[in-house]
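Protein sequence lines, in the order shown, are assigned to chains F and E. Every letter in the first sequence is one number past the one before it in UniProt numbering, and letter 233, counting from 1, is 233. Every letter in the second sequence is one number past the one before it in UniProt numbering, and letter 98, counting from 1, is 98.
The reader is advised that the hints may include incorrect statements.
Same chains, same label: a pair holds when it works inside one copy or across any pair of copies.
[Claimed, not checked] Here are the simulated EDC-like cross-link-like pairs (lysine to aspartate or glutamate), alpha carbons at most 16 Å apart as the crow flies:
| hint | residue 1 | residue 2 |
| --- | --- | --- |
| 1 | Lys145 | Asp21 |
| 2 | Lys257 | Asp226 |
| 3 | Lys257 | Asp229 |
Just so you know, the hints here were simulated from the structure itself, not pulled from any lab data.
Number of protein chains: 2
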Amino acid sequence: MPATNRQIRLAARPVGEVKPDDWQHCSEPVDEPGPGRFAGRTRFISLDPAMRGWLDDRPSYLPPVGIGDVMRAGSVVEVTASDHPDFQPGDHVVGTFGVQEYVVSDGRGAMKVDTSLAPPSTYLGALGMPGMTAYFGLLDVGALKDGETVVVSGAAGAVGSIAGQIAKAKGCRVVGLAGGPEKCAMLTDELGFDAVIDYRTEDVRKELRRHAPDGIDVYFDNVGGDILDAALTRLAMHARVVVCGAISQYNNTTPVKGPSNYLSLLVRRARMEGFVVFDYAERYAQAAREISAWIGAGRIKVKEHVVTGSVDDFPETLGMLFRGENVGKLVLELA
Amino acid sequence: MPATNRQIRLAARPVGEVKPDDWQHCSEPVDEPGPGRFAGRTRFISLDPAMRGWLDDRPSYLPPVGIGDVMRAGSVVEVTASDHPDFQPGDHVVGTFGVQEYVVSDGRGAMKVDTSLAPPSTYLGALGMPGMTAYFGLLDVGALKDGETVVVSGAAGAVGSIAGQIAKAKGCRVVGLAGGPEKCAMLTDELGFDAVIDYRTEDVRKELRRHAPDGIDVYFDNVGGDILDAALTRLAMHARVVVCGAISQYNNTTPVKGPSNYLSLLVRRARMEGFVVFDYAERYAQAAREISAWIGAGRIKVKEHVVTGSVDDFPETLGMLFRGENVGKLVLELA
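Only chain F is shown next, with the shape it has when bound in the complex (with noise of 0.2 Å):
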């Protein structure tokens, strides 16, 4: 083990667009793990939209990061050093260790994954929190049917993507929102989208009029905005919309924009429904095994954007997220 261990901290709160100021880059002394605990280098970071609502101060389903404190964020490390039972030198463990080189765990919160079955920065995400995400948002609070016709925004994101992937596995016609030609491309040319609109250069409403000419059974919303307005014009009758997210909205410096067209609700008696996937963890494995069995039967492609570079890199690449320059789940792998 070295003698230092490179840490990205919250240096402050960011207004708007989080700026390179607001974060600190600091090398503080290795652990050593002592009893009970493991050491484990850090291999793959995962970056998600969530995380910039962990750096606002206000109530929301986890505290936010405190200022000063190692950022908060999911990745694999490698098990160096261990003296807890359950870890041993080389297992690959997925856990919630924040953005830094090194880690020392008592095991808490932590699981070592089968490499053999998927590499590793899949338990980042098809077999991670995006994954579960999707998979629950879908199948639990939108109470998917088969034959259905489902809208999924972000489609080329990671949880828009498997998603999308889900639903066509569950028989329904499935039509994504992404940005740019190559997204939509990928969309329907490798995962087999049903449809894609590129909503920065189509008119959503029409397209989507086009695309779901029966209504949206489920919409799947993970960007909020005009988009979500856009949705809510074409509900079908009962009609289910899963709030998963919005990252259209996650850097205002304005109040978010709500849904305009929020009394379609009334109209089509439909309902917009909110979750956390924490809720379900005890059903991850049962999700995680039917994942892997389509992953495995070629009905879900796993998309991952890995950078390769240093922790010093998480800032910069985050940002790749907002900017929508990621195809698929967005990880940074530690040279």
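Starting from the known structure of chain F, arrange chain E on it as the hints suggest.
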């Protein structure tokens, strides 16, 4: 029967507030009932916030009232002549007979009411659409449970006053929102609400924090706008927001104000759901029996605001709803 039937017809689609010129006051010859029909004289005309939506030419749960058509309205008529086996002279009948003095009907959608159980006007309020709306909105859509905290906006209105009292009858803590000291005092002193917030003079968020310290389990929304946004900040886990109406937005000439705080649905694992009372028609009789029993037991007090006049007073009386001038169910009684 007199020779002419005074009617109010829609002359133009209103922009913003409905103006006198948007209506046409006219007199038509009175029809004979003819075979299989009955004729009746209008006694009470219902005035409902939803009427504003019926004037707009946009897709909704009912087609818009056509330009030149008699204004759609629920009313109670007294049968004057009949060739219909189910309706006899002297009977009181409720139906969507429109804003006119005399009616000829084949009986479809008409229901004879028992004026020995309740005065005729009550069949436009507590035992009519507003009562049904409160009942199914709260119990079916809101899935109200004993002991929960319920917040009702537009609480002094036709639907809100019944919704709040049903929630009380079901063992809930009930907080009402209304405008002005008279309405607020009525809600707590007469109708038994646990607390009331005067949205015109009080800080709604602060008062919600005070009166619903453990959060709102069911928010029954009749108003939309800023009050909906305030309620969203105070949701309990797994809360239900019942979208019944949005009277604050109906006269907008700008887009509806969407709920900026809708992401609290995610944080609180909550849902927002709309409904249209007509979907529950098969269960109206059961709901009316239960509401009647509560009225009989003194657990629901019926508040009606009766304006006496002619059909020519309909436009001015309708305006009272949007100025918040009615207490309880607003009806126009024809002198």
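For a quick check of understanding: which of the numbered hints are violated here, in increasing order?
1
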